[in-house]
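Q: Here are the chains, one letter per residue:
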Amino acid sequence: MTSASSMVFVVDDDQSVREALSSLIRSIGLDVETYASAHEYLRRPPQQLPACLVLDVRMPGLSGLDLQRELAQQGREIPIIFVTAHGDIPMTVKAMKAGAAEFLSKPFRDQDLLDAICQALARDRASMAARADLAEFRWRYATLTQREKDVATLVVRGLPNKQVAAKLHVSEITVKVHRRHIMLKMEAKSLPELVRITETLRLHSSPESHT
Amino acid sequence: MHHKQAVDVQINDLISIQALPAIWSGQQSYAIVGILLEGVVRILQLDFAYARVRDSLLDASIELIRLPQCRALPISAEQFRQDLRDCLGGDLPTMPVAIPNPLGQGVVKIASFHFGVHDELGVALAASQRSDFPTKNEMLLLRVAGSAAAIGMQEARVLNAHRRAADELERRVAERTAQLTAANEELSREIVERKRAEGAALVLKDALAFELSTMTRLHELSTRLAGNAELQQILEEVLDAAIGLHNADFGLVQLCNTETGGLEVVAQRGFSKEFLEYFRDIRDDTSAAGRALQRQACVVIEDVETDPGFAPHRAIAAAAGFRAVQSTPFRDRGSKPLGIISTHFRRPHRPTEHDLRLTDLFARHAAATIESKLAEDERRKLASLVEASPDFIGIASLEGEVQFVNPQGRKLLGLEGDFAASIFELVIEADREKLAKQALPAVTRDGHWDGEIRFRNFKTGHAIPMQQRIFSISDAATGRRIALATVSRDVSESKRTEQLRQESELRWRAVYENSAVGIWLTDAAGRFVAANRALQDMLGYTEVELQKLSLNDITPEEDWEGAQARIDQLRERSIPEYHAQQRYYRKDGCIIWGNTSAALIPSVDNAPNLLVEIIEDISARKQTEGALAQAQADLARVTRVTLMGELAASIAHEVNQPLAAVVANASACRRWLAAAPPNTAEASDAADRIIRDAARASDVISRIRGFLRRGELRKVPLDLDEVIHEVIGFVQDKLNTRLIELHVEIVPGTPRVFADRIQLQQVVLNLMLNAIEAMEKVAQPRVLRLAVGSHGENAVRIAVSDSGPGIAAAQRQRIFDAFYSTKADGIGMGLAISRSIIEANQGRLWATKNAGRGETFQFVLPTAAPGHP
Chain R
1 MTSASSMVFV VDDDQSVREA LSSLIRSIGL DVETYASAHE YLRRPPQQLP ACLVLDVRMP
61 GLSGLDLQRE LAQQGREIPI IFVTAHGDIP MTVKAMKAGA AEFLSKPFRD QDLLDAICQA
121 LARDRASMAA RADLAEFRWR YATLTQREKD VATLVVRGLP NKQVAAKLHV SEITVKVHRR
181 HIMLKMEAKS LPELVRITET LRLHSSPESH T
Chain E
1 MHHKQAVDVQ INDLISIQAL PAIWSGQQSY AIVGILLEGV VRILQLDFAY ARVRDSLLDA
61 SIELIRLPQC RALPISAEQF RQDLRDCLGG DLPTMPVAIP NPLGQGVVKI ASFHFGVHDE
121 LGVALAASQR SDFPTKNEML LLRVAGSAAA IGMQEARVLN AHRRAADELE RRVAERTAQL
181 TAANEELSRE IVERKRAEGA ALVLKDALAF ELSTMTRLHE LSTRLAGNAE LQQILEEVLD
241 AAIGLHNADF GLVQLCNTET GGLEVVAQRG FSKEFLEYFR DIRDDTSAAG RALQRQACVV
301 IEDVETDPGF APHRAIAAAA GFRAVQSTPF RDRGSKPLGI ISTHFRRPHR PTEHDLRLTD
361 LFARHAAATI ESKLAEDERR KLASLVEASP DFIGIASLEG EVQFVNPQGR KLLGLEGDFA
421 ASIFELVIEA DREKLAKQAL PAVTRDGHWD GEIRFRNFKT GHAIPMQQRI FSISDAATGR
481 RIALATVSRD VSESKRTEQL RQESELRWRA VYENSAVGIW LTDAAGRFVA ANRALQDMLG
541 YTEVELQKLS LNDITPEEDW EGAQARIDQL RERSIPEYHA QQRYYRKDGC IIWGNTSAAL
601 IPSVDNAPNL LVEIIEDISA RKQTEGALAQ AQADLARVTR VTLMGELAAS IAHEVNQPLA
661 AVVANASACR RWLAAAPPNT AEASDAADRI IRDAARASDV ISRIRGFLRR GELRKVPLDL
721 DEVIHEVIGF VQDKLNTRLI ELHVEIVPGT PRVFADRIQL QQVVLNLMLN AIEAMEKVAQ
781 PRVLRLAVGS HGENAVRIAV SDSGPGIAAA QRQRIFDAFY STKADGIGMG LAISRSIIEA
841 NQGRLWATKN AGRGETFQFV LPTAAPGHP
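Chains as they are written, first to last, in our numbering: chain R, 1 to 211; chain E, 1 to 869.
The shape of chain R in the complex, shown without the other chains:
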C-alpha cells in the first residue's frame, strides 16, 4: 500500500488520544489526518481516495453519532470506526444500524483498531470501484435509443426474440438488430453480462433519478 492510496481521518476532542492514534496509525504506514471536532472535519472537502473515519462518540458540540448522520445526509460515504470511553449497547446498536464499520471501547488493543482500519479501507476501496462501474454503465446505457432500452428490458428478462418482437409489434429481425446494437453499446460480451450490468443499474436507479 502506498501513502497516496488511502487516508485515515481521526476525529476526537482529546488531544492525547488524537496524537496517540495518529502515531499508531502512521506506524503501519497509513496517512492520517486528525480533527478536534466534527465541525472541523465537515469543513474538509470530501476525499477522493479510499478512506475511513476513526470517530469518538462523545464530543462537545456535534457528537460522533451526529456526525455520522450528517455525513449520510450529505451522501459522503465513508466507513466509520467508533471509539468510545464508555460504550453502551443502545449507542452501539444505533451506530451499527447507521452503518458503522466497527465499535471499539477505549482502551482498545492496537491490533483491533488497525485491523478495523484496514478492513474499512478495503471495503471503501471496493465500494469506490463499484461506484466507478456504475458511472460507466450509466453512461453506456444513456447511449441506447428508446427502442433499444425497451428491447434490452425485455431481453434481460429472458424473453426469446420472437416474443420480444410480438410484444413490441416488430419483426423478429428488427429485434435481432436492436439486440446487436445493445450488446455493442453496453460493451456486454454475453447476455449474462448484460443482465449483471442492467441489474447494477436497476439497484441504483433511485440515485440515478436524482442525478
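The hints are simulated quantities; they were obtained by calculation from the structure and are not laboratory data. Where is the CB? At the ideal position from N, CA and C, for every residue including glycine. Honestly, I wouldn't trust all of these hints.
Restraint-style ranges between C-beta atoms, simulated for each label pair [to be verified]: (1) Leu673(E) <-> Glu70(R): 50 to 56 Å; (2) Gln15(R) <-> Asn850(E): 49 to 55 Å; (3) Gln15(R) <-> His743(E): 49 to 55 Å.
Listing some non-contacts, in silico: residues in chain R with all C-beta distances to chain E over 10 Å [stated by the list, open to error]: (4) Ser16; (5) Glu19; (6) Arg138; (7) Ile173.
Assemble chain E onto chain R, guided by the hints.
A: Just chain E now, kept in the frame of chain R:
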C-alpha cells in the same frame, strides 16, 4: 404507926366522910343511909355496918347492912337481925361492946352512932374485929358521918314532904286534866267526825267540780277539735288538756309512723331539743310510750329511778327533770294504734285510776278527732290531686251516669256548668260499642280495664284519643262496688309525636341502611351496639358478629392509644367531634383505611352515652397514595442510581481518555521500534506522550480518590458563587420536579475561600440533597435557602436551610455519626463525610433548628489568604 401518918389517915378519912353528902345529895333516906354504910365500911375497914332508920317517905323502919366490898350477907337478914338482937338486946349500946361475930368467927367490936340529935332518925352500928376498934378518931368519924347522914336525911325528909305536896298537886291537876281531857276528847271526836263529813263533802264537791271542769274541758276540746283547727293545734290542745288533767309538769304526744312503725313526737310541752332528739323515734318497750304502744294499754312508771325497764333512759330523764310518767295509747275506730299521750311528773307519782280513766277517755276522744283530721287531710290531698291532675278523671254511677269530672276533664271535653250525661255520650259513636262490649265487662270482671277509647269534644265534636284506665270503686267496708271511675290521658299529642318520631326514624333508618359510608354505634366500653350494612360490608362481619366485638378488636394494636385518646376527648366533651384517618382490621385480616368522623350522642334518661362513628372506606385512595409514594421512592432511587451511573461514566471517561492514549501510544511506540529501520524519533515521541498521559490519568484518579475519601487536598482559592452555581446545576432537576423554591442569597463581596473545589462541591451537594429529601413529605411551600456570607474576619459561612420537619431531638446527637441515617435508604455516610471534609479544610459543620419550620446545616471555611487573590 407514926403519929403523923395516923393524922394523915384520919384527915383523909374525914375528908372522905365529908365527901359522902355530895354523893347522896337529893336522895331518899334509905339511899343516904346505904351510901353512908358503904362509906364507913370502906373507910374504917369494918367487917360490917348496920343501920335502922325511919323512912319518912315510906313512914316505915328500914334496916340496912353493908359488908366490905359489897359482899352479900352470908346469912339471912332475919338471922342476922336475930343474932344482933341476941347480942345487943333491944337497945343499941351507947358504948362500944364486943359481941360474937354474927357473920363469922371470933368477936367483933361494935360501935354505935345515931342519926339526929337524938336517935329520932335512926341508929347505926359499925363492927370490926380489930381490938382497938373503935378508936376515938373512928368514933368521931362515925358521929360526923352520922350527923352528915342525919342532915341528909332531914333534907330528904323536907324534900320528900315537898315532893309529896307537889305530887299531890300534880295528881289533882292530872285528875282534873284527865276529866277535862275526857270531855275534850269527846268533843274532838265530834269535831273530827264533823270535819270528816265536811271534808268528804268538800272532796266530793271538788271531785265533781273537777270532773265537771274536765268534762267541760273535754267538751270544749271536742268542740274546738271538731272545728277547722289544724292537726298540730289539735294535738297541742289534747296535750295541754292531759297535762292539766294530771296536774303534770311535762307531756308529749306521739303518733305512730305507719311507714317505720315507730313513734314520732308531734307535740310536746316542756322538753328540751336533746330529749326530743333522744326519743325521736321510739320502737322498743323500754320507754313508757313504747311499752304503752306494745301493750295497747296505759302504762305508769311511778318512779323512773326504780323502774328496771326504764334503766336505759334514766340519765336523759334526769336531765329532762322528771321522775314519773304515764303513757296512754289511743286508737282509731278500727282499733289500729294511732299514738300515745304521755304526761310527766317531777316527783315520783302515781296518777289515780280516775285520772287514768279520764285520760283514756280523753285519748279516745282525741283519737277520733285526730283520725278524722288525718282522713280529712288525706281527702283534701286527694281532692287537690284530682283537681289539679292534668289527666281526665271522672266518676260515674254503676248505671253509667256521670257524677263528677275534674276541671281538666271538663276543659278537654268542652263541658260547661251542670250537665247530666251518660258515659256513652262522652265517647264518640265509633267507640261506644268498645266501651259497652269490652271495657265495662272487663271492669265488672277484673275491676279495671286499660285501653284506648276516644272521647268527643262537646263543642267542636272532635274525637280525642284517650288512653283510659276504667275501674270500679268499692266500699271499703263492704267491698260492694259503688261507682265507676276513669283516669285517662289525652294521647293525641303523643300520637302525633310518635308519628313524627316514626317518620324521622324511618328517614334516618333509610339513611343509615342505605348509606355508602359505614355507620356504627358503640357504647362506653367500645362495644358495637349497631352497625349498618355498609359497615358490615366494609369490615366483612355481620351485625351479630360485630355486636360481640369491641372497637379494639378491629383496630390495629399500635393504633389503640391514639383511638382511645380521641374517644376520651369526646367523652370528656373537650372536643365536639373528630375526624381522623384510621385503620381497621377486616374479618379476613386485611387492613382497611377509613376516613372516620365520630361524635357523642347525648344520652336520654341517664342511659350511657353512645358514640357514633361514620367511616368512609378510603383504602383504595390510600393504596393509590401508597403506590404513588412507592413510585416516587423508586424514581428517587433510580435517579440516584442514574446519577451514580453518570458519575461513574464521567469518571470512567476522565480516566479512560488518558488511559486509551497511553495504550495507543505504547502500541505505536512498539511498532515504530519494530519497523525496519526502527523509527526512534517517532517511538521517542510516543514514549513522551505515554508519560504525559499516564500522569494525567493518575492525576484524575488521585482527584477522584480525594473526592471519595480523605486524600490529598488541592486547596485553592475558590469563588463560592461559581462553586455553588455548579452544584445547583446538578440538583436543578430535582428542585423543579419536587416544586421546591430555591432562594440563593450570596452577599456581594464575600471573600473567596481556600478549599478543595471538588470536596466543597461534594459537601454543598450533599447538604442540598439532604434538604430536598427532608422536604419530600411536607406541604407547600417547600423552600431551600442557600445563604453565603462572611463569618467574622477570616471565615465564610455557607448555610443550607430547608422547610422540612427538622431533626428530632433524639436524633440530633447522632446525625454526624458514620452509618447513622434518618432516611429509609440512607447509608449514613453523607454527613459524616461532609463534616470530615469541612474539618480537613480547617472549617466546621453543624446543624441548628430553624425558628420556624425545618433545619439549617451550615459550615464555615477559612477565607483565602491574601497571597491568593
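Q: Hints first: check each against the structure and report whether it holds.
A: Hint check results:
1. Leu673(E) <-> Glu70(R): 50 to 56 Å: Given about 39 Å between the Cβ atoms, the range is violated.
2. Gln15(R) <-> Asn850(E): 49 to 55 Å: holds (50 Å)
3. Gln15(R) <-> His743(E): 49 to 55 Å: Between Gln15(R) and His743(E), where Cβ atoms are some 42 Å apart, the hint is violated.
4. Ser16: Check fails; 4 Å does not lie beyond 10 Å.
5. Glu19: The claim breaks: Glu19(R) does not keep its Cβ more than 10 Å from every Cβ of chain E (closest is about 6 Å).
6. Arg138: holds (43 Å)
7. Ile173: holds (68 Å)
Violated hints, listed in ascending order, are 1, 3, 4 and 5; each of the other numbered hints is respected by the structure.
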